[in-house]
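Colleague: Sequence:
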Amino acid sequence: MSKDIMSLPISWNYMKQFNMKNPPTTMIPRDQRVESGYKEHCKYLKSKGISVHDYIMKTFLKDLDYNFAPNTFPYLLNHIQHWVLWIRPGITLSEKEIIDKIERNFNIDSNELVIFKNTSSNQSIKSITHYHIFIQDK
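Read in order, the letters of the sequence shown are residues 483 to 620 in the numbering used here.
Because the hints were derived from the structure by calculation, they are not lab data.
Check the hints yourself; a few may be wrong.
Derived EDC-like pairs (lysine to aspartate or glutamate); straight-line CA-CA distance at most 16 Å [unchecked claim]:
id, residue 1, residue 2
1, Lys498, Glu579
2, Lys503, Asp619
3, Lys608, Asp536
4, Lys498, Glu594
5, Lys503, Asp513
6, Lys498, Asp591
7, Lys528, Asp547
8, Lys525, Asp536
9, Lys620, Asp591
10, Lys599, Asp619
11, Lys620, Glu594
12, Lys583, Asp547
13, Lys578, Asp591
Take the sequences, apply the hints, and build the full model.
Modeller: Structure follows, in structure tokens:
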């Protein structure tokens, strides 16, 4: 772990210690309102008999193999955009393919990004591979 201490909201200096080979080992927090909204959304889906997996497939992937979307329930970040790259189950992308797609989509060099896939213990959605993408606001 970096010498940077996690303070809230989370700074770019703290986030940039993470990458594809070094994801965070602890949960990165959300704002309390965002976390409450996330829990309410999950309850709503469950009350309608919709799984989170099906919701993501229909909302973000549709007929696509992969898709970029702003994180609906972002972490508590300080002037940092939080995106998600959703990948259809059954599709495998190499690290290079993922980075190339991100660089093309955002027209930005990967050195200006933080990209990682949460460890299994930190994943709230395990059935659909997804990567978190962070871009510092300019």
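Colleague: Does each hint hold? Answer for all of them.
Modeller: Results of checking the hints against the structure:
1. Lys498 - Glu579: Roughly 21 Å separates the two Cα atoms, so the pair is violated.
2. Lys503 - Asp619: Answer violated: Lys503 to Asp619 is near 24 Å, above 16 Å.
3. Lys608 - Asp536: Satisfied, since the Cα-Cα distance of roughly 13 Å is no more than 16 Å.
4. Lys498 - Glu594: 9 Å, holds
5. Lys503 - Asp513: 26 Å, violated
6. Lys498 - Asp591: 14 Å, holds
7. Lys528 - Asp547: 25 Å, violated
8. Lys525 - Asp536: 14 Å, holds
9. Lys620 - Asp591: 14 Å, holds
10. Lys599 - Asp619: It is violated: about 21 Å lies between the C-alpha atoms, which goes past 16 Å.
11. Lys620 - Glu594: This hinted pair holds, its Cα atoms lying about 11 Å apart.
12. Lys583 - Asp547: Distance of about 12 Å is within 16 Å: holds.
13. Lys578 - Asp591: This hinted pair holds, its Cα atoms lying about 13 Å apart.
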